[in-house]
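S.K.: Protein sequence lines correspond, in order, to chains S and Y.
Going by the working numbering, the first residue of the first sequence is number 145, and it counts up by one from there.
Going by the working numbering, the first residue of the second sequence is number 903, and it counts up by one from there.
Be aware that a few hints might be false.
Unchecked claim - Simulated crosslink set (DSS-like; lysine-lysine; CA at most 27 Å straight-line):
no., chain 1, residue 1, chain 2, residue 2
1, S, K691, Y, K1043
2, S, K459, Y, K959
3, S, K660, Y, K1037
Hints in this document: simulated from the structure, not taken from any laboratory.
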Amino acid sequence: MKKLLLGNAAVARGAYEAGVNVVASYPGTPSTEITEEIVKFEEIYAEWSPNEKVAGEVAIGASIAGGRAMSCMKHVGLNVMADPVFTVSYTGVNGGLVFCVADDPGMHSSQNEQDSRHYAKASKIMMLEPADSNECKEFTRMAFDLSEKFDTPAFIRLSTRVSHSQSLVELGERADVPVKAYEKNPAKYVMMPGNAIKRHVDVEKRIADLIEFAETTELNTVEENGSKIGIITAGIAYAYAKEALGDSADFLKLGMVYPLPEKKIMEFAKKHDKVFVIEELDPVIESHCKALGVEVCGKECFTLLGEYTPTMIKKAVLGEEAPEVLSADEAIPVRPPVMCAGCPHRGTFYVLKKLGLVVSGDIGCYTLGATPPLQSVDTTICMGASVSAAHGMAKAQGAEFNKKLVSVIGDSTFMHSGITGLVDIVYNKGNNTVIILDNSITGMTGHQENPTTGRTIRGEATKQVDLIALCKAVGIDRVTVCDPFDIKKFEEVVKEEVNADEPSVIIAQRPCALLKTVKYSGTCKITDKCKNCKMCMKLGCPAITLKDGKVVIDATQCNGCGLCINVCPFGAIEKEEK
Amino acid sequence: MTKNIMIVGVGGQGTLLASRILGNTVINEGYDVKVSEVHGMSQRGGSVVTYVKYGEKVYSPIVDRGEADVILAFELLEAYRALPYLKKGGKIIINNQQIDPMPVITGAAQYPENIAEKISDMCDTTVVDALALAKDAGNIKAVNVVLIGVMAKSTDIPYEKWIETIKTTVPEKFLDVNLKAFELGYNI
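Isolated chain S (complex conformation) (with noise of 0.2 Å):
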């Protein structure tokens, strides 16, 4: 049976007919939809850990308890799952273990474009790279049996376009593969450097014969159309390159791209008047050709960076120019992403600008708070940073820069790695004041439980974090909670922790205007008492514009959240009810 699916369904798919038992992540675009697939298996267990390391280390475990198991993350995700990785290459695996890795090339929802690849080469664990659904499925399900008998993880990398993209996949039965025994094995297990020694002869052994397996696999393909010019590509850039190409050149198409055969390219290249490396961000491929002595044109000929189109292949291989097309000719204003209507963060950096403060950023929806017109945030650097990097700008700055300066991060992720920057403020004896951004849910990834839900990922109930009694227990006696849509209150509040003489955290806690339980009525709409003041436009609402000069509501895009009845000094925005 075929069925069209995501390339992040078919990972869910491949690892489900696999046979894995655990699957533990923590939510990232492009990568989150594989584990939200992965829930509706009810044979698999899955959890939403608190951050990748955890979820790595869940997978690991389970590994060497003998059952298959499974962790997925976004690129930026695998830099805080790094440690385990490195050792668990050296430990190998009981039940198969694969982990897998989506990059975003063009950044549609990241911080950097950083290339996962270099992860696979320098923790030296096999890496595969399908180029569509159908071999997202098939390799997720040959990485696991790769992974037992190399005994070795398995990584499997994405990009963006093969995450998100839907095509056809044959779909299979689960394999019966019941967990295997425990068996208590210290010289592989224990990782002190007496054991480890060892262990790493194991895994240089393991790399020569995964080298001559890459000579044989399958998974890395000739496809020979009889032509003078040689494509060596891998994933997403082998579907634009034949696309572009479609017969007029022979493919080398890679699907292990760690480690990379040498015999197979060299032949290939042999065969070939001109040969091509078309890889999306870093020269990997590129670079073991040329250290193979092969002469390839590869990031002479493409960019290093974003992505990859089929006219810009064509381009560089066959000097065929771009075709001339329509287009406006006057300027096209952009159009950003901005906070949804309703969103509570307007209400906490509609305060935080006016008071002008140093905003100290993090990783979430709320880094829309950098955009105009709220432009509030200074910095965003990666999960959890929001909090260590303030303490060391005060540090930096003099204990008179906290009465300036705050910190925003949001629930998910302060308990992603939020909490031992405040560990380290209370230790240190920093003074800031750190505004926990507690919207109910993980936001921005679409709506993921985390521990302070109270929720599991298949919606179960269960303890919750308790935020209050948690920043107490670290050593903040100053705990405020407050509900930013209260724009008078948040503001003393946000005054007041700054100028005090210890470290604060504000819970600022309103749920997400996107949340099925949060039900907000009506439409707001302005009445003739308007001044045309513009303070509501100050907010930044997608749903607050001006027609011929005036101030305006849109009803489509109104929610009713009234945030800007709150603002108005003259009382002239009332809520109408449908």
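Starting from the known structure of chain S, fit chain Y onto it as the hints suggest.
M.R.: Frame of chain S; chain Y shown alone:
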């Protein structure tokens, strides 16, 4: 020959559902299909672009400039922005709705005037007031299905096939509204 359809709009308008209905309909016709979606940050009120490609064999999931047979635009400015993707002789269907982007709201940029007329002068254009039709169907959120209806008429896929997909893709609660919305778009 591959047929390339591009769906553009503003995050939150329901372009994703539209591309899924489209994808599932053509798959039932026995084509190879690729549907490219957008998730994450770009969904939050930003420009959203999805692609549906079908034919004997489809490789790339994206539609390049000058390659779209049909552009289905949920919003005027997004139609204007997508214009370079239209193939020579291609068709554009535009929902006659204006949603101001933040740079226009803040006064940093101006929303171009008479977009629909300007596009009509350049290529085969159908302008629809999908919002009004969705209201007639009973829910303004059915704009996406109205537009699918308009587009469906210009394909050679039979009417019943579309109805079948809508029945399997849309939650039952909203089925009647969506069927009516499709009908209104189809018969425009």
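S.K.: The structure should be examined with respect to each hint, and the outcome stated for every one.
M.R.: Quick rundown of the hints versus the structure:
1. S/K691 <-> Y/K1043: Given that 27 Å is the threshold and the Cα spacing comes to 23 Å, the pair holds.
2. S/K459 <-> Y/K959: The given pair, whose Cα atoms are some 22 Å apart, holds under the 27 Å limit.
3. S/K660 <-> Y/K1037: It holds: about 22 Å lies between the C-alpha atoms, which stays within 27 Å.
No hint from the list above goes unmet by this structure.
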